[in-house]
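Order-wise, the sequence lines are chains A and B.
Heads up: the first sequence at position 213 corresponds to 213 in UniProt numbering, and the numbers run straight through without jumps.
Heads up: the second sequence at position 65 corresponds to 65 in UniProt numbering, and the numbers run straight through without jumps.
Worth flagging that the hints you see were computed from the coordinates, not collected in a lab.
Computed from a prediction, not measured in an experiment: that's the story for all the values here.
Cβ coordinates follow ideal geometry from the N, Cα and C atoms, glycine included.
Some clues are possibly wrong.
Examples of chain A residues lying across from chain B (beta carbon under 7 Å, computed) [said to hold, decoys possible]: (1) 6; (2) 7; (3) 14; (4) 21; (5) 23; (6) 24; (7) 49; (8) 92; (9) 124; (10) 132; (11) 134; (12) 135; (13) 149; (14) 248; (15) 253; (16) 267.
Chain residues, written in single-letter form:
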Amino acid sequence: MARAVPTRVKARNTAIAWIIAILIFFPILWTVLTSFKTEATAIADPPVFVNFQWTLENYVTVQERSNYFRHFLNSVVISVGSTLIGLAIAIPAAWAMAFVPGRQTKNVLMWMLSTKMLPPVGVLVPLYLIFRDWGLLDTRVGLIFVLTMINLPIIVWMLYTYFREIPGDILEAARMDGATLRSEVTYVLLPMAVPGIASTLLLNIILAWNEAFWTLNLTAANAAPLTAFIASYSSPEGLFYAKLSAASTMAIAPILIMGWFSQKQLVRGLTFGAVK
Amino acid sequence: MATQHSRAAARVMIAPSVILLLAWMLVPLLMTLYFSFLRYNLLMPGANPFVGFENYTYFLSDPAFQTAIVNTLLLVGGVLVITVVGGIAVATLLDQPMWGTGLVRIMVISPFFVMPTVSALVWKNMFMNPVNGLFAWIADVLGMAAFDFLTQAPLASIIGIVSWQWLPFATLILLTAMQSLDSEQLEAAEMDGASAWARFWHIKLPHLARAITVVVLIQTIFLLSIFAEILVTTNGGPGTASTNLTYLVYAESLLRFDVGTGSAGGVVAIILANIVAIFLMRMIGKNLDA
């Protein structure tokens, strides 16, 4: 039983925690606020927080000048595409390792984890050349392939830790009741596996959406997702804070919201099941 | 019971993942190794003669290499210290009873979901810019001269930006671990008269050892390859002041188009990452088995 905490202590905790949390969150808040300002207000001295003329002009300008939604769509296609393909490859593997573990299963899993330790820059040159020769530079297909491969170990690991928790006995019970293999999978296993698969899907879309090594090096104007598109703001001309903020807000909003819903899965997924 | 039949089926189900990952690893790796022994520059077409270890000698004796190694270590080490210490502090705070825990948690973890190019550019322009940044305004209000972060302290500034991105991750994992601590143990210690500090030091911290190990391992993997944050803030400069190994190899390969030297650098990066990986896997292995 947790004991009652004096209100005074609770109030003090609350105050400190809120101050820290707002400080940590502030850059995001500031970006969102700035996206609704005019360029002149964005660099006003002293800075203004909420008492300014709110405008949507920046969002319109960003879209008109740079075809923003093309890059947004690229991000969606690349992150969702690579995640779905990764799941298609990983689900059978994780399934087999969880339900029919062999002597090598642990080694295979550790080996997969170790491929994540290969620094991407170690294979940058050959991959760049292969992409150039095969016409894959600046294409969505090429990027989907790369992101599928770099996230595959994480997908397998995550699914494995979820599948392992499905009790094997339940299968035997179903079999005793005369279930066929097909109905066993459809009615018993799948419903139990769905939450794990959904969490894996969510976390992987987040990772793929924010991946910024391969997307920066292998794309240009055509297939660039938002990570690469936003990078083009690093050499600005004239006033641009408000437009940078508008582009940034749209780039982070969907993933931020998905992230809020996947806190628990994030811990589990990114620690390969070591911390739950 | 697993039968002969199901074992064979299992192998077929695992095969695609293993074969794809193996190919993904080996093909480019062998190519990098091969290129690293050639004189091969994309700007100078023609024969690419075998030159032995020339690229390695060139890369390793480049003063930029030593700077890059030191910068890589400072970047990884700096961010690890800040995020682990900060993460323990923030997680301890969030573990206390308070109002609005849900909202506080959401705010604290948010930076983790911000893509690297966005966070780097937001910090660079809207906070660290010496003319229009918020920090310059704060300095002005306090009557100090504005500080040009990315020119005068480029590496420290990047460490700050990256720490902001990774603090939520460390906090979230440490908080999860903290919440699995048996509260009765803490209460018993309290009844025995242990001070808050003693309870933290002797009960909470040992309980967190495993989670801290995991945080260090996973962050190190990602931090060794920091790239986008450097690219959009300083381009590795001024000079090579904020160039890490990843950025140096990128510059050799895709800015100077020197495939040979870039590949040699890539091999060096792989070797160094492996040294770190072996060390870390041993550490985590010990911790995970316990």
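Going down the list of hints, with the structure as the test:
At its closest, the beta carbon of residue 6 of chain A sits 10 Å from a beta carbon of chain B; the interface hint therefore is violated under the 7 Å criterion. Nearest Cβ of chain B to the Cβ of residue 7 of chain A: about 10 Å, over the 7 Å cut. The hint is violated. For residue 14 of chain A, the shortest C-beta to C-beta distance to chain B is roughly 4 Å, which falls under 7 Å, so the interface hint holds. A least Cβ separation of about 4 Å between residue 21 of chain A and chain B falls short of the 7 Å threshold, and the interface hint therefore holds.
Hint status for residue 23 of chain A relative to chain B: violated, with the closest Cβ pair at about 9 Å, above 7 Å. About 5 Å separates the beta-carbon of residue 24 of chain A from the nearest beta-carbon of chain B, less than 7 Å, and the hint is met. With a cut of 7 Å, the hint placing residue 49 of chain A at the interface with chain B is violated, because the nearest CB-to-CB distance is about 11 Å. At about 4 Å, the closest approach between the beta carbon of residue 92 of chain A and any beta carbon in chain B falls short of 7 Å, and the interface hint on this residue holds.
Nearest Cβ of chain B to the Cβ of residue 124 of chain A: about 6 Å, under the 7 Å cut. The hint holds. Hint on residue 132 of chain A is violated. Least Cβ distance to chain B is approximately 9 Å, over the 7 Å limit. Hint status for residue 134 of chain A relative to chain B: violated, with the closest Cβ pair at about 13 Å, above 7 Å. The criterion of a C-beta within 7 Å of any C-beta in chain B is not met by residue 135 of chain A, whose closest approach is roughly 17 Å, and the hint is violated.
Annotation: interface hint on residue 149 of chain A holds; nearest CB of chain B at approximately 4 Å, less than 7 Å. Satisfaction of the interface hint for residue 248 of chain A is found here, the shortest Cβ-Cβ separation to chain B being roughly 4 Å, below the 7 Å cut-off. Below 7 Å, beta-carbon pairs count as interface contacts, and residue 253 of chain A has none with chain B, the closest being about 10 Å; its hint is therefore violated. Proximity of residue 267 of chain A to chain B holds as hinted, the smallest CB-CB distance being about 5 Å (cut-off 7 Å).
In the structure shown, a violation is registered for the earlier hints numbered 1, 2, 5, 7, 10, 11, 12, 15, in ascending order.
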